[in-house]
Amino acid sequence: MERIENRIARLTVQAIRELYQTAETPENIQVQSTRKDQRGDYTVVTFPLTRISHKKPEETATEIGGFLKDNLPEISDFEVVKGFLNLVLSDKFWIGFFNSIAEVHEYGHKPVTEQSPVVVVEYSSPNTNKPLHLGHIRNNLLGFAVSQIISAAGNQVKMVNLVNDRGIHICKSMLAWQKWGDGITPASSGMKGDKLVGDFYIRFDKEYKAEIRDLMSTGLSEEKAKAEAPLIKEAQDMLLRWENGDPETIDLWTKMNGWVYDGFEKTYQKLGVAFDKFYHESETYKLGKDLVTSGLTSNVLFRKEDGSVWADLTGDGLDQKLLLRSDGTSVYMTQDLGTAHQRFEEFHFDRHIYVVGNEQDYHFKVLKLILKKLGFEWADKLYHLSYGMVELPHGRMKSREGTVVDADDLIQEMIDTAGKVSLELGKLGDFPADEKDLVNHRIALGALKYYMLKVDPQKTMMFNPEESIDFNGNTGPFIQ
RNA sequence: GGACCUGUAGCUUAAUGGAUAGAGCAUCUGACUACGGAUCAGAAGGUUGGGGGUUCGAGUCUCUCCAGGUUCACCA
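Residue numbers (our numbering): 1 to 480.
It cannot be assumed that every hint is accurate.
Listed next, the in silico DSS-like pairs over lysine-lysine satisfying Cα-Cα at most 27 Å (straight line) [claimed, not checked]:
1) LYS459 <-> LYS449
2) LYS266 <-> LYS110
3) LYS289 <-> LYS321
4) LYS36 <-> LYS454
5) LYS368 <-> LYS286
6) LYS110 <-> LYS381
7) LYS224 <-> LYS255
8) LYS192 <-> LYS206
9) LYS36 <-> LYS56
10) LYS192 <-> LYS266
11) LYS289 <-> LYS270
12) LYS270 <-> LYS192
These are calculated hints, taken from the structure and not from any lab test.
Could you put the whole structure together from the sequences, leaning on the hints where they help?
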């Protein structure tokens with residue numbers, strides 16, 4: 001059945017034609033739900049219509065109101081306040097309406113079929129050298145929530161995760177484990193895998209810094225010391241071995257990344273998010289070179305004297321962007337060009353959403369522009385869902401200062417607090433222990449999700465753990 | 001320096017270009033309490049960063065200035 005708002009809009013157009021003897025169609029009839037403090041269910045804004053009626057807003061509204069009441073049986077009454085025509089729908093309409101939706105299992109959801117538009121949502125995209133933190137939580141909850149909404153709106157949603165599983169930062173934790181790990185594993189230590197690997201990344205940094213200090217005390221400049229430290233050289237060497245497919249290095253890499261994936265999976269489960277498909281940068285980091293080559297032959301891109309390849313975006317108010325280094329290796333942007341292309345070939349998506357922090361606004365602007373220049377019309381289908389950083393009451397998270405909030409720790413803290421508060425308030429008095437745990441977990445996650453999602457994604461947000469789990473106020477627990 | 005984002009009550013924030021800018025926290029008053037806490041009822045709190053413009057109508061669009069943030073790598 002046609003929605004009542006649409007019928008009101010359609011009849012309003014008819015009213016204007018008949019009342020004012022005109023063929024002119026107003027651009028947009030605004031039908032909105034009536035303010036809570038006013039009588040009525042729907043409101044037609046008649047200010048824009050006075051241009052056609054050549055009458056005062058009140059008069060126009062009254063005339064249209066009369067017409068609607070006569071021609072739309074669902075309307076039992078109307079009221080005019082200034083240029084606002086407030087329509088009252090009859091009880092009979094509402095009863096019929098509620099009856100019609102009472103049996104609908106998921107009211108408001110559009111069915112999804114093979115023919116529905118395909119929307120790819122990429123989110124999470126963690127690095128495998130450290131555990132997830134508070135910022136990832138915002139990303140994951142946003143990505144998953146948006147996917148759910150888009151799916152309910154009748155689209156085939158593909159939730160994908162592009163894992164950054166290669167590079168110098170991964171080698172750092174691998175090297176540190178090799179040197180100081182003593183063969184420790186998640187199984188032997190009982191530690192969560194991502195945490196264990198993360199600790200070795202921190203260990204590397206610590207030892208590396210010590211080396212830099214030592215070198216600087218012998219008179220080297222900081223810059224020099226950073227480049228010359230034996231540890232960083234070893235890590236670079238390891239990256240090289242990895243890229244050359246050295247079996248031992250690959251084995252270690254596979255083993256340690258496996259630990260991290262186990263850890264991530266647990267965190268994802270706790271957060272209640274999921275993915276249809278994982279991509280790994282180790283498999284995609286070489287993509288995009290072909291696109292660059294074809295861009296060169298079509299003169300969209302250009303090569304500098306040293307052999308490096310660039311896109312000139314100065315004509316679009318941006319800068320020049322490097323796509324291939326002088327040694328022929330690719331950069332982040334090159335890979336993203338390639339993965340976007342790969343995804344389009346794979347899904348023929350109608351929309352591709354990247355849930356990525358706003359510090360990469362420029363990156364995605366450039367990505368779209370270069371794809372467009374390369375002749376891919378689907379570049380317009382890419383959308384960067386940009387979100388702001390999460391700050392804490394005592395300031396920003398800084399890994400150097402140890403103020404990073406670990407995702408698992410935070411979730412656990414929320415659960416503990418939920419338990420403490422409900423105990424104090426005597427809310428779960430005689431519940432069995434396992435039910436208490438379940439309720440506390442739901443309250444904690446509800447608190448986290450509501451608090452993270454209630455703020456405009458674009459904005460830098462303040463996460464106040466205490467406030468988020470308050471049983472009063474604009475919080476998840478209060479709503480639950 | 002250029003580009004982009006943000007600026008709403010003391011704090012955290014909401015508002016497809018529409019009506020009197022809506023909430024929560026904190027504050028204050030009252031109720032209940034032996035007292036406090038919790039709870040309930042109510043109040044106060046705003047030149048929407050400043051200034052111009054467009055519009056019947058601007059927190060929202062536009063220009064400009066101010067403040068804060070991000071970004072502009074042969075890093076990812």
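Can you list which hints this structure breaks, lowest number first? Violated hints (numbers, rising): 2, 7 and 11; every other hint is consistent with the structure.
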